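Chemist: These are the residues of each chain, in order.
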Amino acid sequence: MTIHLRWLDAALPTLAVACAAVPLFHGVGVPEVTAVVGVAAASIWAAFRSARVAANSAADCAQQAVDAEARLLARYRDELPPLLRGILPVWREHVESVRSQTDTAVGDLVVNFSAITEQFEAAGFKGTSDSLPSGQDTTISLLTLCERELQPVIASMTRITDSKGALAASVRELSVITGELQTMASEVAGIAAQTNLLAINAAIEAARVGEAGRGFAVIAKEIRSLSHASAKTANYITGRMAQIMTIMRNTSEAATQAAASDKIAIELSGTVVDDVLSHVRELSVEAQTMLGQGNVIRSNIEALIVSLQFQDRVSQVIGVVDKDMARLRDTIDSDEALPSSDQWLADLQAHYTMKEQRRGHGTSAGGRAAASSAAPATALFF
Amino acid sequence: MAKTVLIVDDSMSLRALVKLSLTRAGYAVLEASDGKEGLAQLDKAAKVNLIVSDVNMPNMDGITFVTHVKQHARHKFIPVIMLTTEDEAAKIAQAKAAGARAWLTKPFNPPQLLEAVGKLVLA
Numbered sequence: 001m002t003i004h005l006r007w008l009d010a011a012l013p014t015l016a017v018a019c020a021a022v023p024l025f026h027g028v029g030v031p032e033v034t035a036v037v038g039v040a041a042a043s044i045w046a047a048f049r050s051a052r053v054a055a056n057s058a059a060d061c062a063q064q065a066v067d068a069e070a071r072l073l074a075r076y077r078d079e080l081p082p083l084l085r086g087i088l089p090v091w092r093e094h095v096e097s098v099r100s101q102t103d104t105a106v107g108d109l110v111v112n113f114s115a116i117t118e119q120f121e122a123a124g125f126k127g128t129s130d131s132l133p134s135g136q137d138t139t140i141s142l143l144t145l146c147e148r149e150l151q152p153v154i155a156s157m158t159r160i161t162d163s164k165g166a167l168a169a170s171v172r173e174l175s176v177i178t179g180e181l182q183t184m185a186s187e188v189a190g191i192a193a194q195t196n197l198l199a200i201n202a203a204i205e206a207a208r209v210g211e212a213g214r215g216f217a218v219i220a221k222e223i224r225s226l227s228h229a230s231a232k233t234a235n236y237i238t239g240r241m242a243q244i245m246t247i248m249r250n251t252s253e254a255a256t257q258a259a260a261s262d263k264i265a266i267e268l269s270g271t272v273v274d275d276v277l278s279h280v281r282e283l284s285v286e287a288q289t290m291l292g293q294g295n296v297i298r299s300n301i302e303a304l305i306v307s308l309q310f311q312d313r314v315s316q317v318i319g320v321v322d323k324d325m326a327r328l329r330d331t332i333d334s335d336e337a338l339p340s341s342d343q344w345l346a347d348l349q350a351h352y353t354m355k356e357q358r359r360g361h362g363t364s365a366g367g368r369a370a371a372s373s374a375a376p377a378t379a380l381f382f
Numbered sequence: 001m002a003k004t005v006l007i008v009d010d011s012m013s014l015r016a017l018v019k020l021s022l023t024r025a026g027y028a029v030l031e032a033s034d035g036k037e038g039l040a041q042l043d044k045a046a047k048v049n050l051i052v053s054d055v056n057m058p059n060m061d062g063i064t065f066v067t068h069v070k071q072h073a074r075h076k077f078i079p080v081i082m083l084t085t086e087d088e089a090a091k092i093a094q095a096k097a098a099g100a101r102a103w104l105t106k107p108f109n110p111p112q113l114l115e116a117v118g119k120l121v122l123a
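Chains F and P, in that order, are what the protein sequence lines are.
Quick note: the first sequence uses my numbering, first residue 1, plus one each step.
Quick note: the second sequence uses my numbering, first residue 1, plus one each step.
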């Protein structure tokens, strides 16, 4: 069609001029018609020219669209694949690094949580009593047992104290009676002394016999009084002595019984104390074990805190990859020429913040393996 | 009275872990998610004895944050520990020039963090 249009484009002006020039060489009539035809042809040509210009403009637009599409196709066919061939393996390495770090960290978390659970159980925090084997005591039950076992010992000691009190009372009573006896003994001694004096006086009076009888009668009366007093005192002393014997017998029996009870109580107390000490030693061992387990649990928790920080690292890796994907989308959407993969990767590398990312920037499996675990922390002081 | 530490990090989980380590050791903790928020927290707080700051954060990065802190009349004596995944010598030098007192790489170990905090925290 284009060829026809060009022919018309060349022919119509010539036809128009030829028709317009005919009147110069012919008479009226046919020349007039020819002139009209010429003018009409010129008009048609002008209109056609305009139409052609419009058509050309449309064709140009269509051509531009076709060219743009061709350029786009060329970008996708020629420029994008090499760029993607460079970028995608690096992105894949970063994503794989994230997967690997997450896998490792979660595994570490499971191990550490399991260890903490085991340490808790080993430390004696076993949960509800339903889970306890029969006959096994918890720490609290041991303390209750100790308290129960010590109560009879306390009661025995109380009884021993009470019996000792009774004995002491008996001894005090004996002491009082002994004091009375001493007083009585003094009185008897006094009586004996007076009796001696009387005897002496009687001897003197006897020496003066002459006035027979008066002195001796008085002396005899006094001696009789003394005899009664002595007899009375002697009876009293005898009675008190009998009391003392009774009290001493009772005291002796009580003491013997108390000794026997004390012996049993002391032996029982010794057994109970040994038992309680054994429980206390058991508690002490358990407390030491708990202390040790507590230290292990603390270490496990510290390891957990280290493991949980994987989230921060993978978040940074994913953030960089996400931004790079957005950058690629924006670059494709723009009309700019796509950069080479080397240039793209150099720009990507400038955003890295971690060793794992720099290692993963290479596409080797060694880089991936190295990226799966974070380097230990270092501390610098300025 | 417990000493106060300001943690500045855009990762919520990381802030939670640092807070857990410090509160177990008896420190009071304030938090901020970037340098701008960190400066706001410093202005609000009665007293801050130490700052632990990340480097790569949105809105205001850690090194810019430290620079602002060291230019502030009230805050410039507060010691700063950088806690970051970065390990490049250039960044470390920048932090030192800005006025940071220590550089600790992540993942941090609680005893190591506590040792650094104990060494530098203001009385």
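Hints listed in this document are in silico derivations from the structure and should not be mistaken for laboratory results.
The model shown is predicted, which means the values in this text are computed figures rather than measured ones.
The beta carbon of each residue, even a glycine, is placed where N, CA and C say it ideally should be.
Certain hints may be false.
From the derived model, a few chain F residues whose C-beta atoms are all more than 10 angstroms from chain P [stated by the list, open to error]:
| no. | residue |
| --- | --- |
| 1 | Val39 |
| 2 | Ala51 |
| 3 | Asp67 |
| 4 | Val95 |
| 5 | Phe113 |
| 6 | Thr178 |
| 7 | Met248 |
| 8 | Ala254 |
| 9 | Thr256 |
| 10 | Val273 |
| 11 | Gln288 |
| 12 | Gly294 |
| 13 | Leu308 |
| 14 | Arg313 |
| 15 | Ala377 |
| 16 | Ala379 |
In silico SDA-like pairs for lysine to any residue, Cα to Cα no more than 20 angstroms straight-line [said to hold, decoys possible]:
| no. | chain 1 | residue 1 | chain 2 | residue 2 |
| --- | --- | --- | --- | --- |
| 17 | F | Lys355 | P | Lys119 |
| 18 | F | Lys263 | F | Asp162 |
| 19 | P | Lys91 | F | Lys263 |
| 20 | P | Lys76 | F | Glu302 |
| 21 | P | Lys96 | F | Lys263 |
| 22 | F | Lys355 | F | Asp162 |
| 23 | F | Lys355 | P | Ala89 |
| 24 | P | Lys91 | F | Ser340 |
| 25 | P | Lys91 | F | Arg298 |
| 26 | P | Lys19 | F | Trp344 |
| 27 | F | Lys323 | P | Lys19 |
| 28 | P | Lys96 | F | Leu308 |
| 29 | P | Lys119 | F | Glu118 |
| 30 | P | Lys19 | F | Trp91 |
| 31 | P | Lys96 | P | Asn56 |
| 32 | F | Lys323 | F | Glu302 |
| 33 | P | Lys96 | F | Glu302 |
| 34 | P | Lys19 | F | Leu308 |
| 35 | F | Lys355 | P | Gln94 |
Chemist: So, against the hints stated earlier in the document, which numbers end up violated here?
Modeler: Numbers 13, 14, 15, 16, 17, 19, 20, 21, 22, 24, 25, 26, 27, 28, 29, 30, 32 and 33 - these are the hints that the structure violates, sorted from lowest upward.
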